[in-house]
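Q: Each chain, letter by letter, is given below.
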Amino acid sequence: MTTSHGPALELDALTKTFNENRAADGVSLTVPRGAMLGLVGPNGAGKTTSLSMAVGLLRPDSGTARVLGVDVWTDPVRAKRHLGVLPDGLSLPERLTAGELLDYWGRLRGLERDLTRTRAEELLRVLELDRAERDGVLVAEYSTGMRKKIGLATALLHAPEVLVLDEPYEAVDPVSARVLTAILRRFTDGGGTVIISSHVMALVEQLTDRVAIIAQGRVLADGTLEQVRGADSTLEDTFVRLVGAREIGEGDLAWLSS
Amino acid sequence: MVELLIKLKFALDRHTPSGTRWLTLALVVGGAALTWYLALNAASDAVRSSLLTLLFTLWAGVWMFAPTLTNGAGVLRPQYFTLLPLDRNRVGVGLLATMFVGVGPVMTLVAMGALVWHSWSADPATLFLGLLGTLALVVFIVSLSRLVFRALGAAMRTRVGMEIASLQWGLIVAGLFFGWVAIQPAIAATDELAARGVEGTAASVLAVLPTSWPVLAVDAAAAGSWGAAFGWLGAFVLLTVVTVVITGRLLAPSVAVRGMRQRSRPWGSRVLEHRGSWLPDTPLGAVIGKELRSWWRDPWRGFELRSALWAGLFVGVLGLISYLPQIAPFAGVIALLIMGMGASNMYGHDGTALWMTVLGQGEDTVRADVRGRQVAVAVLLVPASALLSTVMVFATGEFWAVPYVVAALIAFAGVSNGLSVLLSVVAVAPGTDPHKRVDANDTGDHSFQSWVSLVAIPLLSSPTLLTAAVTMTAGASWVTVPVALLNGGLVAWLLGSLTIRHLERRLPEVFARIRYGGEVAVRSAPAPEGTMLERIERGTLERERESASHE
Ligand SMILES: Nc1ncnc2c1ncn2[C@@H]1O[C@H](COP(=O)(O)OP(=O)(O)OP(=O)(O)O)[C@@H](O)[C@H]1O
Ligand SMILES: [Mg+2]
Chain W
1 MTTSHGPALE LDALTKTFNE NRAADGVSLT VPRGAMLGLV GPNGAGKTTS
51 LSMAVGLLRP DSGTARVLGV DVWTDPVRAK RHLGVLPDGL SLPERLTAGE
101 LLDYWGRLRG LERDLTRTRA EELLRVLELD RAERDGVLVA EYSTGMRKKI
151 GLATALLHAP EVLVLDEPYE AVDPVSARVL TAILRRFTDG GGTVIISSHV
201 MALVEQLTDR VAIIAQGRVL ADGTLEQVRG ADSTLEDTFV RLVGAREIGE
251 GDLAWLSS
Chain P
1 MVELLIKLKF ALDRHTPSGT RWLTLALVVG GAALTWYLAL NAASDAVRSS
51 LLTLLFTLWA GVWMFAPTLT NGAGVLRPQY FTLLPLDRNR VGVGLLATMF
101 VGVGPVMTLV AMGALVWHSW SADPATLFLG LLGTLALVVF IVSLSRLVFR
151 ALGAAMRTRV GMEIASLQWG LIVAGLFFGW VAIQPAIAAT DELAARGVEG
201 TAASVLAVLP TSWPVLAVDA AAAGSWGAAF GWLGAFVLLT VVTVVITGRL
251 LAPSVAVRGM RQRSRPWGSR VLEHRGSWLP DTPLGAVIGK ELRSWWRDPW
301 RGFELRSALW AGLFVGVLGL ISYLPQIAPF AGVIALLIMG MGASNMYGHD
351 GTALWMTVLG QGEDTVRADV RGRQVAVAVL LVPASALLST VMVFATGEFW
401 AVPYVVAALI AFAGVSNGLS VLLSVVAVAP GTDPHKRVDA NDTGDHSFQS
451 WVSLVAIPLL SSPTLLTAAV TMTAGASWVT VPVALLNGGL VAWLLGSLTI
501 RHLERRLPEV FARIRYGGEV AVRSAPAPEG TMLERIERGT LERERESASH
551 E
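These protein sequence lines map, in sequence, to chains W and P.
Numbering follows this note's numbering, with no gaps: position 110 of the first sequence is 110.
Numbering follows this note's numbering, with no gaps: position 472 of the second sequence is 472.
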């Protein structure tokens, strides 16, 4: 039941202050349907905060977000149905195995039992978690990369139309990263929309068609890769130009080489 | 290094909430005063000797369990030092040394000094035994205290360890419960105690406990058998050294993996292979399944459940073998009440995993989440506690109690069930996030919930309690059961509904409180509508912020 109007995801002047500290300051972004947007910015720029507000995890001080035209904060139930989310650094029901976790998640979202089962099996196989599942390994015992992967499986299970992934490539091995890229490509080819945050410029440049640069809670640049890059040769140059380079001076940290 | 660690400890102490500090101070000063009062007023050397064995045991007991009860505030945790390039074992010993600094150990030294007085008045020639014994006692008791605390934390990493720890903890809770019943007449009769000392079985039990050995050494020397004296003291010093070494080892920062490693597939985990399932294919079924598995497998939750069961069992057994057999049939009721309190921080146990409920939010998810937790808790608590009481009724033959036990089980099962889910939401205390937990105290501190429960459960069960009181005298005791059914059922349903209404409106705020802490949750909350629950929630938030600003 896709709504017919509105872009896939729209962040509308999202603002959040944490104890005197502006984590997000009027963040506005529009992600058209079928696009893949890379959100980049230095540590503490407000990426996680903005994405949390956009998906309904953190109530903004002001501003709002819309998924396929549905307001996340006034009609959360309908908006969240379209969303698949990979949050960063949160716990899961730690004492379940991956299979149990997906079974729980499927039922909670009202999916058919058999549908959940076939999808879960496929996801675990593709993400190479099937061995851990056979051994009955609990999520609590997973490595950092494995946690990312099971988080990804939960984001995909209900076949959402919009994926919001906070640092999906972090801690994931190169082979799995390729699998992930293939999954995301297939997803957008099928008309889905993806927004990912990342620190790896080369990856963002190679993967996404749109980029937004955010620093100190403000959007500094937003548009297609070509628009944002402009005259610069790489995205990294643009990033450094906009965010401001911090060079190490001649005398700094001299003791390191002594 | 030790000096530095001690400074660090003082810094931490300053940030311990002052209430806890004053309570500790009152406890140790009062304890030392009582110890000396009895030592000075004992009618004879023999009486004093028996009194000292009792008092030293009590001191050791309090030291062993106080740190766990007070959540170990002001304690330097070994994990703080994992990454420093220091010898692990030296850090362990250094940390142990910091334990001897502070009012507690000093007042303990003062109290143990009663042994010096004992040796002086028994025979001045034994004075050096008294001095040595006093020092060894302090070292032993303080090290033992750390040993128990760390062992409890370490135990959480293995299944067997968790089972043993809950057994011990259950014994302690039962001991506290019963100790109170037993100690009350003792305190009322302090002067009599000073005149007669400890007699009978209690005296012979006390005599074999290690804390009594230094006293026995002094007694033996005073009686002229120096060989026995050196034997007792030598054994005690040896035990002390062993305790210190083990504790030093345990306090060394550990880099072991967190959580319990499963040896085999956990029970009930073949969801993807099995076709059928006995749980409904709905959000409610999803939550019940997840909750039952978590209660069963999570060592922290398992600990709450099992220690409550053990506590009930031991209360029953103690009742059975002492002069209070009429208490035994209520063992299940006691277990149920303690388990109910253990379940009153469920959202805290889950930590930030609540994001799944927030993002999976459908028309019915919140209702399913709350009701599912209630069902799971009931499924876990009711059969176990009913079984416990049934066994106890047959063991004691106190059949008159049956209607009251049944009524109490039903009423309290309902009332504590509703109350625990409500408190789990409005007073959520997250503690360390689940995927980072290592220590026994890493789940949030739910002492607030326990205090509220102690007041609210009798209040909410008053229809049943009143009926029971009336039928006690007027007969027709079975009338209590339907009243309890109505009482318990209604309260469980009503408090559950209140929780659902509250959570439906404030799901993101509850998540924010777990994820970002109280400060952010307060600011991002929409204007409070002033319902009672919101006021309670706000109250607990204020409390949380206050203790956070102490840190
Ligand atoms: N729990 C919190 N309490 C107070 N401030 C916070 C909290 N979490 C984050 N912040 C602040 O919000 C700002 C934005 O943080 P955020 O996590 O959104 O950054 P980020 O862009 O995701 O960074 P990173 O690349 O390191 O993940 C930072 O200044 C941070 O200090
Ligand atoms: Mg982030």
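One or more of the hints may lead you astray.
[Said to hold, decoys possible] With a straight-line cut-off of 25 Å between C-alpha atoms, the simulated DMTMM-like cross-links for lysine to aspartate or glutamate are:
| # | chain 1 | residue 1 | chain 2 | residue 2 |
| --- | --- | --- | --- | --- |
| 1 | P | Lys436 | W | Asp173 |
| 2 | P | Lys436 | P | Glu163 |
| 3 | P | Lys436 | W | Asp88 |
| 4 | P | Lys436 | W | Glu226 |
| 5 | P | Lys436 | W | Asp135 |
| 6 | P | Lys436 | P | Glu519 |
| 7 | P | Lys436 | W | Glu141 |
Think of the hints as simulated: they come from the structure by calculation, not from any bench.
Keep in mind it's a predicted model, so treat the numbers as computed, not measured.
Q: Mind checking the alpha carbons of P:Lys436 and W:Asp135 for me, to see if they're no more than 25 Å apart?
A: Holds: P:Lys436 and W:Asp135 sit about 23 Å apart, inside 25 Å.
Q: For the pair we were handed, P:Lys436 and W:Asp173, check the Cα-Cα distance against 25 Å.
A: holds (22 Å)
Q: Holds or violated: P:Lys436 with P:Glu519, Cα cutoff 25 Å?
A: Holds, because 22 Å separates the two Cα atoms, which is no more than 25 Å.
Q: If you draw a straight line from the CA of P:Lys436 to the CA of W:Asp88, is it 25 Å or shorter?
A: holds (15 Å)
Q: Can the restraint linking P:Lys436 and P:Glu163 be considered satisfied, given a maximum Cα separation of 25 Å?
A: Holds. P:Lys436 to P:Glu163 sits at ~21 Å (cutoff 25 Å).
Q: Run the distance test for P:Lys436 versus W:Glu226: straight-line Cα separation, threshold 25 Å.
A: Measuring from Cα to Cα gives roughly 42 Å; hence the hint is violated.
Q: Given the hinted pair P:Lys436 and W:Glu141, is their Cα-Cα distance within 25 Å?
A: Holds - the C-alpha atoms of W:Glu141 and P:Lys436 are around 11 Å apart, at most 25 Å.
Of the numbered hints stated above, the single one contradicted by the structure is hint 4.
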